[in-house]
Amino acid sequence: MHIEFRHLRTIKAIHEEGGLARAADRLHITQSALSHQIKGLEDQAGVELFVRRSKPMRLSAAGMRLLRLADQVLPQVEALQAEFAGLRDGKSGRLHIAIECHACFEWLFPVLEKFRKSWSDVDVDIRPGLAFDALPALLKEDVDVVISSDPEELPGVTFVPLFSYNPVFVAASNHALAAKDWIAAEDFRGETLITYPVDRARLDIFSQLLTPAKVDPAAVRQVELTAVILLLVASNRGVAVLPDWVVREVKYSSDYVTRPLTENGIERQLYAAARTEDLEKPFMQDLMKLAGQEARKLQKP
Numbered sequence: 022m023h024i025e026f027r028h029l030r031t032i033k034a035i036h037e038e039g040g041l042a043r044a045a046d047r048l049h050i051t052q053s054a055l056s057h058q059i060k061g062l063e064d065q066a067g068v069e070l071f072v073r074r075s076k077p078m079r080l081s082a083a084g085m086r087l088l089r090l091a092d093q094v095l096p097q098v099e100a101l102q103a104e105f106a107g108l109r110d111g112k113s114g115r116l117h118i119a120i121e122c123h124a125c126f127e128w129l130f131p132v133l134e135k136f137r138k139s140w141s142d143v144d145v146d147i148r149p150g151l152a153f154d155a156l157p158a159l160l161k162e163d164v165d166v167v168i169s170s171d172p173e174e175l176p177g178v179t180f181v182p183l184f185s186y187n188p189v190f191v192a193a194s195n196h197a198l199a200a201k202d203w204i205a206a207e208d209f210r211g212e213t214l215i216t217y218p219v220d221r222a223r224l225d226i227f228s229q230l231l232t233p234a235k236v237d238p239a240a241v242r243q244v245e246l247t248a249v250i251l252l253l254v255a256s257n258r259g260v261a262v263l264p265d266w267v268v269r270e271v272k273y274s275s276d277y278v279t280r281p282l283t284e285n286g287i288e289r290q291l292y293a294a295a296r297t298e299d300l301e302k303p304f305m306q307d308l309m310k311l312a313g314q315e316a317r318k319l320q321k322p
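Quick note, the sequence shown lines up with residues 22 to 322 if you use the numbering used here.
There may be inaccurate statements among the hints.
Claimed, not checked - Just the calculated beta-carbon pair ranges, DEER-fashion: (1) D202 with P172: 30 to 36 Å; (2) A83 with R115: 40 to 46 Å; (3) K318 with I50: 55 to 61 Å; (4) D276 with E127: 17 to 23 Å; (5) D64 with E298: 30 to 36 Å; (6) A83 with L300: 51 to 57 Å; (7) L160 with R137: 23 to 29 Å; (8) I50 with R137: 38 to 44 Å; (9) L300 with L95: 34 to 40 Å; (10) E37 with F126: 48 to 54 Å; (11) P96 with Q314: 34 to 40 Å; (12) D142 with N195: 21 to 27 Å.
No wet-lab data here; the hints were simulated from the structure. On a predicted model such as this, the values are computed, not experimentally measured, just so you know. Glycine residues also receive a C-beta, built at the ideal position from the N, C-alpha and C atoms.
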């Protein structure tokens, strides 16, 4: 038996309208075409689907079984159609974000809190991009946005600038290096460097200063939370290098100081990388707008 969606809609319409004429008007077809459709369906089933002598027209036992199927299937079909329409219109979709900037979790959450209020039908997920190769995952469509400070030339990928920042040296107020106006690579020899649990190649202090200068600290201690890093630094358990905006945002204590790296400082840029074609989606455009607005709050007054 070959049942089509139109058959289910027909059964439901006749049941609810109580007759062929009103059901045909509802379905926008002629009464003759509707009768022909019912006859063909009954021929397939080998049973009558309606008690024709009744007024209003009512379903037979077999027809009621088909109606139950219509009540189960049609809402699912309509929901799927609405979902596809939302995808076409850019009102729904998927937004899986990988973050290569460990400190950016604190900055990104306010962005997503505003985003979800306008785009409740967009499936949002955050994946720590430090645990896998985020940009290849973007190309394979495993994720949709990558937050990174290391842009690359990739076909079909656009890096949208979000904001610039300065990695700064952080030490206890009574640390010997706190008396210096700026910090050089050589100053890290003999120091315990407290960092996020990230590969060295992805940490600004190594990629921008220590590795080019071929300098290693005496030890590296990895800590997950910014608050704990600052607590350890203030207790003189080591020194750290953090984005300037992070230190401004989470100023827990006056027991530590910040100093620029090198005499001229180091400037870095944070980007949101996305597939170029996806940047046309309305919800993606709004994400970039919200990210830019939140980023501007992080800039120096």
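Tested hints:
no. : hint                       : result
1   : D202 with P172: 30 to 36 Å : holds (31 Å)
2   : A83 with R115: 40 to 46 Å  : holds (42 Å)
3   : K318 with I50: 55 to 61 Å  : holds (58 Å)
4   : D276 with E127: 17 to 23 Å : holds (21 Å)
5   : D64 with E298: 30 to 36 Å  : violated (49 Å)
6   : A83 with L300: 51 to 57 Å  : holds (53 Å)
7   : L160 with R137: 23 to 29 Å : holds (26 Å)
8   : I50 with R137: 38 to 44 Å  : holds (43 Å)
9   : L300 with L95: 34 to 40 Å  : holds (36 Å)
10  : E37 with F126: 48 to 54 Å  : holds (52 Å)
11  : P96 with Q314: 34 to 40 Å  : holds (39 Å)
12  : D142 with N195: 21 to 27 Å : violated (54 Å)
Violated hints, in rising order: 5 and 12; the structure is consistent with all others.
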